[in-house]
Amino acid sequence: MSDTSPVEGSSMWMRCNVENGTEPIRYVWQRETSSEDITTFAQGNNSIINVTNVNRNHTGWYRCVASNTINNQTSDRVWLDTIYGPDVPQIDVTPPRTVKQGYTALETEAVSLLCQAQSNPASQYIWFYNNSQVYTGQKFTITKILRVDAGDYTCLAQNTYLNTRTKKTISLTVYYPPDGSPSCSVEPALNHTSLRLLCSWPGGFPSPSLHWTGDLIQDQSNTAQQTSSASSTTIMLPSGGLTSNNSLFTCLGSHAALKQSTQCSTRTYIPPAEPLCFAYVINDKQYLMLSCSWEGGAPKALVWWEGPEGQSKGGEQTSNILILRYGTARSGKPYTCYAKHPLLVETKTCRLTLGQCTFS
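Per UniProt numbering, the very first residue in the sequence shown carries number 1; after that it's consecutive.
Keep in mind the hints are simulated off the structure, nothing from the lab. You may find that some hints are simply not true.
[As the list claims (entries may be wrong)] Straight line, CA to CA, 30 Å or less: simulated DSSO-like cross-link-like pairs of lysine-lysine:
#1 LYS340 / LYS313
#2 LYS333 / LYS313
#3 LYS333 / LYS285
#4 LYS348 / LYS313
#5 LYS313 / LYS300
#6 LYS139 / LYS259
#7 LYS100 / LYS348
#8 LYS100 / LYS139
#9 LYS167 / LYS100
#10 LYS167 / LYS144
#11 LYS348 / LYS333
#12 LYS300 / LYS348
#13 LYS144 / LYS168
#14 LYS340 / LYS300
#15 LYS139 / LYS167
#16 LYS285 / LYS313
#17 LYS100 / LYS168
#18 LYS285 / LYS259
#19 LYS333 / LYS300
#20 LYS100 / LYS144
#21 LYS144 / LYS259
[As the list claims (entries may be wrong)] Ranges of calculated distance between the beta carbons of each label pair, as one might list FRET restraints:
#22 GLN263 / LYS100: 50 to 56 Å
#23 ARG15 / THR39: 18 to 24 Å
#24 THR141 / GLN260: 23 to 29 Å
#25 THR347 / GLY180: 36 to 42 Å
#26 THR108 / GLY9: 46 to 52 Å
#27 GLY21 / ASN163: 41 to 47 Å
#28 ASN163 / LYS139: 43 to 49 Å
#29 THR4 / SER67: 23 to 29 Å
#30 ASN163 / PRO202: 35 to 41 Å
#31 ARG97 / GLY9: 53 to 59 Å
#32 PRO95 / SER207: 19 to 25 Å
#33 THR169 / THR141: 15 to 21 Å
#34 SER265 / THR108: 27 to 33 Å
Ideal placement from N, C-alpha and C gives every residue a C-beta, glycine not left out.
Using the sequences provided together with the hints, build the complete structure.
This is the structure in structure tokens:
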């Protein structure tokens with residue numbers, strides 16, 4: 001052989017020498033692979049064969065069988081070792097989780113990156129994380145991956161004989177859940193005629209999945225209005241007193257980095273008693289203070305005052321106070337406290353008439 005270790009893509013020749021023999025002599029070139037399969041590579045009357053554009057598939061044992069009409073002889077075999085590579089590496093990630101942008105891993109789990117690039121002689125491997133060298137070897141293992149380990153991982157494969165190299169980069173994203181559990185709350189909406197359920201669970205990557213559940217929400221699925229953002233979801237229940245007293249609402253939260261879902265609950269109920277009205281004389285009879293309250297309930301009730309001749313006090317939650325100058329209070333005219341809760345269609349009232357107090 002002109003070259004027993006040719007570089008892939010080059011040319012070489014093989015010659016079969018016969019010292020004595022009667023012409024014509026026929027030459028058969030045999031190739032034996034590593035699996036011991038023997039095939040005829042070439043044959044003819046020429047003792048030299050040229051191999052152009054040698055490739056890795058030519059690697060193997062070669063022998064020449066020379067024969068004429070009288071006899072045949074077989075040469076010793078010679079090993080042809082094609083030098084090539086490295087090819088573009090292939091990176092296998094374990095556990096294997098692929099997304100459009102690359103690969104994903106769950107925070108705190110073990111992640112292994114295996115690089116394979118066909119080469120002869122065998123490739124040498126160097127790993128880079130965000131362009132900084134971090135490891136030498138074919139398999140790079142992160143025993144407990146954290147969110148700060150997300151980024152680009154590059155495998156550089158080298159053929160030291162040919163001084164050639166190739167590389168491949170993958171993007172690895174680390175999923176991590178939000179802290180704690182979802183947070184639930186209920187608040188009035190549409191001027192205390194409806195309910196708004198809020199569920200939030202900030203943090204985590206990607207954002208968690210949140211949704212409200214329960215028979216009541218399922219029953220009102222056609223009329224309830226739901227909106228969602230990256231880390232929260234809100235549902236508006238219809239007005240008209242369709243929600244029962246002491247109703248329980250549950251928000252379920254799930255995340256790709258958690259094996260089990262988590263949840264929070266909130267309850268809505270009407271204040272247990274009726275609104276209460278009181279009158280107090282303050283500052284040495286200079287002022288009269290009218291107090292109205294409707295304690296308890298979830299969400300809190302809205303209360304406001306209305307009196308004769310436009311004397312009023314805008315709505316506030318739970319309690320409200322109207323202060324009058326002592327001489328301006330209208331004797332015999334009712335001052336009415338209105339109380340509204342989203343679970344009730346009707347508005348509760350509490351009336352004060354100077355000198356007496358009545359409720360309705």
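Hints and how they fare:
1. Among the hinted pairs, LYS340 with LYS313 is consistent with the structure: their alpha-carbon atoms are about 15 Å apart, no more than 30 Å.
2. Restraint check for LYS333 and LYS313: satisfied, since their Cα atoms lie roughly 16 Å apart, inside the 30 Å limit.
3. With a CA separation close to 19 Å, the supplied pair LYS333 and LYS285 stays within the 30 Å bound.
4. For a cut-off of 30 Å, the pair hint linking LYS348 to LYS313 stands: about 16 Å separates their Cα positions.
5. This hinted pair checks out: LYS313 and LYS300 have alpha carbons roughly 18 Å apart, not beyond 30 Å.
6. Under the criterion of a C-alpha separation no larger than 30 Å, the hint pairing LYS139 with LYS259 is consistent with the structure, at around 28 Å.
7. Taking the CA atoms of LYS100 and LYS348, the gap is near 57 Å; set against the 30 Å cutoff, the hint is violated.
8. For the hint linking LYS100 to LYS139, the alpha-carbon distance of about 24 Å falls within 30 Å, and the restraint holds.
9. Only pairs whose Cα atoms come within 30 Å are accepted, and LYS167 paired with LYS100 is accepted, the gap being roughly 21 Å.
10. For the proposed pair LYS167 and LYS144, the alpha carbon gap of about 25 Å is at most 30 Å, so the pair holds.
11. Restraint check for LYS348 and LYS333: satisfied, since their Cα atoms lie roughly 19 Å apart, inside the 30 Å limit.
12. For the suggested pair LYS300 and LYS348, the alpha carbons sit about 14 Å apart, so the restraint of at most 30 Å is met.
13. Between LYS144 and LYS168, the direct Cα distance comes to roughly 23 Å. Compliance with the 30 Å bound is thereby established for this hinted pair.
14. Under the criterion of a C-alpha separation no larger than 30 Å, the hint pairing LYS340 with LYS300 is consistent with the structure, at around 9 Å.
15. Proposed proximity of LYS139 and LYS167 is supported: the alpha carbons are some 15 Å apart, at most 30 Å.
16. A distance of roughly 21 Å separates the Cα atoms of LYS285 and LYS313; the hinted pair therefore holds under the 30 Å criterion.
17. About 17 Å separates the Cα atoms of LYS100 and LYS168, which keeps this hinted pair within 30 Å; it holds.
18. For the suggested pair LYS285 and LYS259, the alpha carbons sit about 67 Å apart, so the restraint of at most 30 Å is broken.
19. Of the pairs offered as hints, the one joining LYS333 and LYS300 holds, with about 29 Å between alpha carbons and a cut-off of 30 Å not exceeded.
20. This hinted pair checks out: LYS100 and LYS144 have alpha carbons roughly 24 Å apart, not beyond 30 Å.
21. Taking the CA atoms of LYS144 and LYS259, the gap is about 17 Å. The hint holds against a cut of 30 Å.
22. Separated by about 30 Å at the C-beta atoms, GLN263 and LYS100 break the suggested range of 50 to 56 Å.
23. Take ARG15 and THR39: their Cβ atoms lie about 20 Å apart, and the range 18 to 24 Å holds.
24. Distance hint check: the CB atoms of THR141 and GLN260 are about 27 Å apart, consistent with the given range 23 to 29 Å.
25. Between THR347 and GLY180 the C-beta distance comes to about 39 Å, which sits within the given range of 36 to 42 Å.
26. Taken as a hint, the range 46 to 52 Å holds for the pair THR108 and GLY9, whose Cβ atoms sit roughly 47 Å apart.
27. At roughly 45 Å, the beta carbons of GLY21 and ASN163 sit within the given window of 41 to 47 Å.
28. The hinted range of 43 to 49 Å is not satisfied by ASN163 and LYS139, whose Cβ atoms lie roughly 24 Å apart.
29. About 25 Å separates the C-beta atoms of THR4 and SER67, a value consistent with the hinted range of 23 to 29 Å.
30. Checked against the hint of 35 to 41 Å, the pair ASN163 and PRO202 fails, with Cβ atoms roughly 53 Å apart.
31. A hinted range of 53 to 59 Å is violated for the C-beta pair ARG97 and GLY9, which are about 38 Å apart.
32. At about 22 Å, the beta-carbon gap between PRO95 and SER207 stays in the expected band of 19 to 25 Å.
33. For THR169 and THR141, the Cβ-Cβ distance of about 18 Å falls inside the hinted range of 15 to 21 Å, so the restraint holds.
34. The hinted range of 27 to 33 Å is satisfied by SER265 and THR108, whose Cβ atoms lie roughly 28 Å apart.
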